[in-house]
Structures are given as C-alpha cells and as structure tokens.
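Asker: Residue strings, one per chain:
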Amino acid sequence: MRFLHWLMAALVLTMLCIGVAMVASLGDYHSLVSIHRPLGILILLLVVIRFVNRLRSKVPPLPPDFPSKERFVAAASEVLLYSLLFVIPLVGWAMLSAAGYPIVLFGSVHLFPILPHNLMLYAFLRKTHTVLAYLLFFAFVAHFSAVLFHTWVGRDGLFDRMAPWRVRAR
Amino acid sequence: MPNYVSTSREREVAKPSADGTLVRVGAVGIVVLAVVGIFLYLGGWFSPHKLTPARFTDAFQEINGTHSGFRRNHGKGVDVTGYFESNGQGARLSKAVVFTVGRVPVIGRFSVGSGQPYVADAPDTARGLGLLFRLPDGEGWRMAMVNLPVFVVTGPQGFYDLMMASRPDPATGKPDPAKMAAFFGSHPETVQAFTVIKSHPVSSGFDNSTFNSLNAFRFIDNNGNSTPVRWSLVPLQPFAPVAAAGADQADKNYLFDALIASMHQHPLQWRLLVTVGQPGDPTDNATIPWPEGREQVDVGTLTLDHIESDDTGVAREINFDPLILPAGISPSDDPLLSARSAVYSQSFTRRAGETKEPSAVTPSEVQK
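If you read the protein sequences in the order shown, they are chains A and B.
Just so we're aligned: the first sequence equals residues 1390 to 1559 in the working numbering.
Just so we're aligned: the second sequence equals residues 115 to 482 in the working numbering.
With the rest of the complex left out, here is chain B (with noise of 0.2 Å):
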C-alpha cells in the first residue's frame, strides 16, 4: 500500500476561492442532508399516519388501557405444559425435525381474546391457545391459534379498523352502531366471515374447543416442493353446546375454572390435523374458509398434563409469534403473518420492561 503523506505546499496550491467554498460547504451540506432524509423517511418519520406496530399498539393500550405487565390482547390467561407425540404422517409433507416419529416437550397457554386481563370470561369471547414445541438443537415451533373458524379480517389495516369502529361508546358502554354499520358496509368480507362464525356451535370450554390456525402456512419437504396448509387441533374431550345461561357462568372465571377442574381429573389431548391446500385455495386471506373435503392428515397428538397461572408459569414469559418457524415450515403470503409478528414483538417489548400485575387467574384458584 503506498504510505501517502500530503505535505503542506500541496495543501496551500489546493486551497480554494472564498465563493468556491461556499459552494462546496452547501454541496457536502446537501449530500449529508440527503442521506439523513432518506434515514428518516425509511424509518416512517415522514408518514405520521402510517400505521406501524407502535401505533398498532398504542391503539390496544388506548381501548383497553396500559395493564402493567400484560400481553396487550389474550392478556387474560393460565400456563399449561405437556408434549406432542408425532406419529411421522407428516413428515411426507414437512421435513421439519416435529414431523419425525417421537415427542416433543410443549409449553402452552389458554386465553381469551380480550385487551382487558381482568374481563369476565363470556361464551363469545374469541378464546386463544398459544403454543411452543420445544424441538432439538434449538429450533422451536410456536404458533397462536383461535377458536374461530376463519378470522374477521384480511390484513392489519382491517384489524385497527375493527378495532376502533367496535371501541366502546363511553355514553353507552357498548359500540357506536353508525362506525359499526360503516365499517360492515366497507367490509364484506368481515360480514362473510361472521356468517361462517355463527354456523360454528361455539363449545362449553377451552378443553373441547377446537383451535385453529387461521393463517396458511407452507410445509417444505426434503426435495423443496412448498404445500400450502392451514391446520387445527381438535380436541378429543367431546363436544358440548355452550350451556344454558346458569349460575356455572356468573363467575368472573367460569371458563378457566372449567379447565383446571378438567386439567385436574385427567390429561387433555387434540389431534393436530393439517389441511392440505389445493391450487386455487386462498392463502392470502383468513376470511376465507377452504372448500370441504380438502385432505386431512392427522400428523400427532397434543397431551396437555400441567396447568398454572400465569403469575408462575413460564408461558407468560413467552412471545408466541407465529412467525418462531423450524426449517421445513414457512409463512404463506397471508399479509396478517408478519403483522402479527411485528405487533406481538412490540407487546412484549413494552410488557417485558414492566411491572407483572397480578394475574386475573390466580396460583390459589389454579390449585383448587
């Protein structure tokens, strides 16, 4: 390398005019300008209306108010563990290490589908299961399922639209019917969906509830053929109609009561079907229910074992994006994926640095 020394003489025949300066100060002023510009408008400082996951959730804190420590949505929850036993029909599919025969250690955690961590447990409320499959050599498999049949809206825009026509009215406690009838009326889809929502006979408990995906997702096998899927777990605790309104459901807990009482007679398990897509089958909208008798392929069974609240439990440590993917499974283009992922990484960044409120679910109530 040539050791380049400049010396002093050549510093001075180089030294430019006075209105040459000027001009070359504006000229590295403008190009340092330009380059600070564009930092600040990738990073959204131009656009203060576009919706990002902070203002995503922001809007979450604004409905429901900032509960300290809490998931700001499903932040009412118990911690559950148990395993999956893979019966290696879905290896054909998926060369994920989960599809090989044997079993795999799983952290989970049952909520309800409401911004507030105190809400009373109701029939209707969306109730959620969170999973982690805990694979080898570090991979984990985690995914965040509903017991709806398909989901209300198509992308995250239509969420915060949702969201902020349904927020209670504070004159009358309930939504404002005119931001709900002009939301549905730009929204058929969401009609669409809350038609096939209805035709599903909720069930009694989280323990016979059947939790679904939602999102497609691709499975990946050895030779690189990428099938799309969407998946559920059905439970085999047998199905039973909500019950007549009674005295069971005046208790705040009725649900979570529900299930640790089933939790604590004996193991709950579900099947985890996947449906195999077919071309034409839309993996960009949720709304969308795939046709009937698409091929199911029962890939393993889910044994719940262990129920504790959340206060103890380490599920409330866990952020359960379904984006956390082992090799062999990959996201769909459905635009609610990396959505989620990004708005679930802002609750726990901001719930991670706070205070851990209390649980609504208490260990006293989990041990009874």
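Excised from the complex, chain A in its bound form (with noise of 0.2 Å):
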C-alpha cells in the first residue's frame, strides 16, 4: 500500500513536471510527449490497483483527538487525489482519440481510441486535461504543505501513517 503511494508520487510529480515543460517547448516537445503518454497510461494502471487495494485493506487510523473539520479535509483530499489520478489519463486517451491520432505508447505497443473523431470533442477534453492536471498540481501541493505542517510544526506523528520504513511503536 505505502509503496504504491510513494511510487505513484513520484511519477505523478514526474508527470506534471513533464507535461508543464513539454508544451513549452520545441526542442523536447517530442522526447517528453514519448515519454508522457505511457507514463499516464502506467498511472491509471496503478491507480487502479491501488484503489482495490485500499477498499480491501486496514488504513492505520487518525488520533482520537483528531478535529472533525481536519478528518473531512483528510477524507476529501483522498477522494479527490485518488479522482484525479483516474480522471486525468482517461481524459488523455480520450482526447488522442478524438484527434484521431494513433495512440503510441512505445514501439508498435497501440491503445484502441475510446471515442470517435471529433474535432470539437478534441477541443474540449484538451482543455479539461490542462485543467484537471493543474487542479492536481494543486491538489498535491496542498497535501504535501498539509504533511509538512503536520511533521515539522505539528510534530503529531501523522506521517508515520504512511511513511516507507518500519516504524516502532512509541
């Protein structure tokens, strides 16, 4: 579980930093869109498993004196990240679909295209894929400030919940 989830962050970091710089540039453009697509298409993979992980398995619990309004904050922040991570590379596929274009991800290795040629519908799941990437980029560094806060200023354990080595209990 807790591998999954550090794994997954740093290719999701690795994500959008890739897709922040491809498009604004000429020289990389085609090296980092090679490496986008596949990269997007292993993260609705794991996230995938990591959701059927997560229904099957025993998170280790809030304190108990953990405020309400933080535990919503908690549980919305999860269903949103966990949201996104599947919405943003089906929103992917779909729009190279609708472009029409063959979906590569390495070699002669295709994708089928989900939706029909649509220009307009093109336009539109482009522009929601910026979108939801940059509500991600946001989503992402108000969990990380929120851990760091938690750590370092709060000094209440609560990384200890997810953190990757064995932790003794106090």
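Keep in mind that the hints were calculated from the coordinates and are not lab data.
A virtual CB, placed ideally from N, CA and C, is assigned to each residue, including glycine.
One thing to keep in mind: the hints can contain errors.
Label-pair distances were calculated between CB atoms; the ranges are [what the hints assert, rightly or not]:
#1 A/VAL1437 with B/GLY202: 40 to 50 Å
#2 B/VAL233 with A/VAL1437: 47 to 57 Å
#3 B/GLY216 with A/LEU1400: 39 to 49 Å
#4 B/PRO381 with A/HIS1394: 54 to 64 Å
#5 B/PRO393 with A/PRO1427: 26 to 36 Å
#6 A/VAL1536 with B/TRP159: 21 to 31 Å
#7 B/VAL233 with A/THR1517: 28 to 38 Å
If you follow the hints, you should be able to join the two separate chains into one complex; please do so.
Answerer: Printed below as a string of structure tokens:
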C-alpha cells in the first residue's frame, strides 16, 4: 500500500513536470510527449490497483483527538486525489482518440481509440486535461504542505501512517 | 503493518516552543515555495521571451490574422484520397509494415504555404502535400512535404525570425528591405538555400510537382540498423515549367482548379523515392542538399484518385504531424522536426475548437 503511494508520488510528480515542460518546449516536445503518454497509462493502471487495494486494506486510523474538520479535509483530499489520478489519464486517452491520433505507447504497442474522431470533442478534452492537471498540481501542493506542516510543526506523528520505513510503536 | 496510534499525551510532550514553531513554519513555506518554483520554472513562467510553441503560433496569428477553424499555415487546401502500392524495395532498409508488398489507403491534402486561407494562388508560393498512410493495427505514417528542394532555415528560431523579418510593412504592403537584409546578413545558410531553390525550376502545377521530406529521418531495419534517409514524391505526370503569366493565372484558385480538372480526368501518381544518406551527410540541417549520386530506392507508388473540398473531406480534421511514425521509421536529429510537431499541435488544438469557416476551394468548385 505505502509502496504504491511513494511510487505513484514519484511518477505523478514526474508527469506534472514533463507535462508543463513539454508544452513550453520546441526542441524537447517530441521526446517529452513520448514519455508522457506511456507514463500516464502506467499511472492509470497503478491507481486502479491501488484503489482496489485501498478498499480491501485496513488503514492506520487518525489520532482520536483529530478535529472533525480536519478529518473531513483528509477524507475529501483523498477522494479528490484518487479521482484526479484516475480521470486525468483517461481524459488524455480520450482526447488523443478524438483527435484521430494513433495512441502509441512505445515501439508498435498501441491503445485502441475510445472515442470517435471529432475535433470539437478533442478541443474540449484537451482543455479539460490541462485544467484537471493544474488542479492535481494544486491538490498535490496542498497535500504536500499539509504533510510537512503536520510533521515539522505539529510533530504529531501523522507521517508515520504513510512512512515507507518501519515505525516502532511509541 | 504496525497499527500506529498517536496518543494526545505524546503530542503534548512533543509540542515545541513558539520560536521553534516560527522557524519550522518558515521551513515548510520555503520547501513548498521551492517545489512550486521548480514547477513554474519548468513551465517557462520565468522565461517570458523564450520561443515556445504557443508564442510561435501566436506569431502566425499576429502576422496573418486569426482565421477561424483554419490551420495557422497552409490554411488554403483541398483534400484527396487514394492508396500507396508498396513494391517491397523499402523492406531491406526499414521494418515498417508499410514497406511490405501491398497496398495501404492514403488520405492527403494539397495546400499552399501561406497563413492566409484565402490567399490568391501564385506560381512561387510553396506547395504542400500532407499525407496519412493508414497502416494495419492502428499504426499510421504521416508526412507533410513541400515542393522546395531544401528548407530555408535550420531551426525553429530561424523560421520565426524569418517570419518576423518578412512580414509586410503596413505602409508598403511588402517586407521591409532593411529587415530582410539584416536577416540574410546573419543567416548565410538561408541565402545559400535560396540559391539552391532558385536553381530548381518550379513546375506548372500541383500534379507535376515534386514534394520533398526536407527533414532527414531514420529507417530502422529488423536488426536494429539505422539508416539516415530523406525522401521525395516524384510525379509520374510530366514536368512542365510555369506558364508565362496569362489569363489562366488571374484566377485566385488557378492552381487548385488545374489540380481538380486534372484529377477528374485520371488519377494522379507519384513514386516514393528514398535517398540513402552516407556518413557525413548532414541529418540536422535541412538547408543543405545531400550530394548528387546518392542511392535512391523506389519503394512504391502513390495514387491519388479522389478529390474533395476541405469543407467536406476528412483531411481538414487531420494534423499531418511528421512525427507520427510507424515502428521502423524514427526522427533524425533535425531540430526542425520536434518543433514542427509542437507547433502543428498548437495550431491543431486551437482550430479544433473554432467554428469552421468555409474553405477558399468550395465543394461546388471541386465538382466542376
């Protein structure tokens, strides 16, 4: 469970950086897009596995004195992050389908189109992909800031719930 | 997994002093700002003058106006369909499925190289041919070729600077000679390219034009060997020089009308000739022609037998991105290639969401 979290954190951060860099680049555009596509599909696969795993696992509970407002924010941000990680790559796949592009992962490995060739649809999905990606970046920054705050300022041990290392019970 | 629970007593013990808190809050702030800063830097927010695909496309619009639904360059065109008959000769150079013997359907588009979709046809305007080879298993090979023997610049910055230098001066309606002279002075490769271009006579129309890849690509064979290539579509329709200016050329669409008339009489054909580069032949400089006498392989024949208006044809919905390639064909290190892909994508995305204004070559004109 935790391994998936840290693996996906690294992949998603990489994706956000590649995404924002590739649309601003002329010379590196092609090589960055060529990584962006298969990495996006990998994240889609991983988030499905992770979601199934999440439903079937017992997660470390929040501290009993954790304020209910914060509990709500924690739950809502978890829902938001899982949703975005699922929807964004799907929108990417859909937009390439609507553009009529072959959806190349690597070599001659292709995905089938999931939408008919339609330019208006492509334009809408392309914009959606960007908007959702920025939303994901914002959600990541909020999540990251909150974790740092709890860990360095609150010093409440919340980080141990997701820490990749073994935690000795205090 | 340990089921860790933090008790409130432990949290109390851990509570820091007020000064310590400030430092720690500051530390959080600095780290978060650094992460956001890196993201903004990668996205180019700190480089407002860097040439990006968006700024490049903006330049086309600034110079030519924004024409709703049209490509930002080569906006005036006509759609064609046909097929490519591969003779198998290309298979020794590339494992791409297109080079096995057989026939694949092709969608194409003839165009003129202008940012104005209603520009009048003229003999010297660059002529374009975009093609999409529909390959089995969802692969595709797209190319966007022009009837120039070499390209005029080596990279995207050069193209942008040339575009800016040659934009019509509002006072005269022509490029500013001083700006042009300054550009040519700092771009000897462009001067040289124009010399090459002028030494190749332009043909009378689309149907007898030779279209060139301009950029080099790499063909990869079954053993992983990579060969640098350039290719050309050489017409079977015989060459004729540009007619002396006459009444025919007064018609704004005379080039397209001639193409339509030609295609209504019989299908048009081109041979796909692949030129094999030797070590030392530049793959990263489209302004330099490869030496005479290089091996040329005829890999098959393109037949175009149906023509229709951009308003009804599929080709208007297609982005002829030269980097949409099948396995067995790869980009070279030509800096123009990635830039073309990036800018075409921008133009495609913008026009995809716009109302489609009618093409200059209308459906009724194509029926004639």
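Asker: Would you mind marking each hint as holding or not holding in the structure?
Answerer: Verification of the hints:
no., hint, result
1, A/VAL1437 with B/GLY202: 40 to 50 Å, "holds (43 Å)"
2, B/VAL233 with A/VAL1437: 47 to 57 Å, "holds (51 Å)"
3, B/GLY216 with A/LEU1400: 39 to 49 Å, "holds (40 Å)"
4, B/PRO381 with A/HIS1394: 54 to 64 Å, "holds (60 Å)"
5, B/PRO393 with A/PRO1427: 26 to 36 Å, "holds (33 Å)"
6, A/VAL1536 with B/TRP159: 21 to 31 Å, "holds (25 Å)"
7, B/VAL233 with A/THR1517: 28 to 38 Å, "holds (35 Å)"
In this structure, every one of the numbered hints holds.
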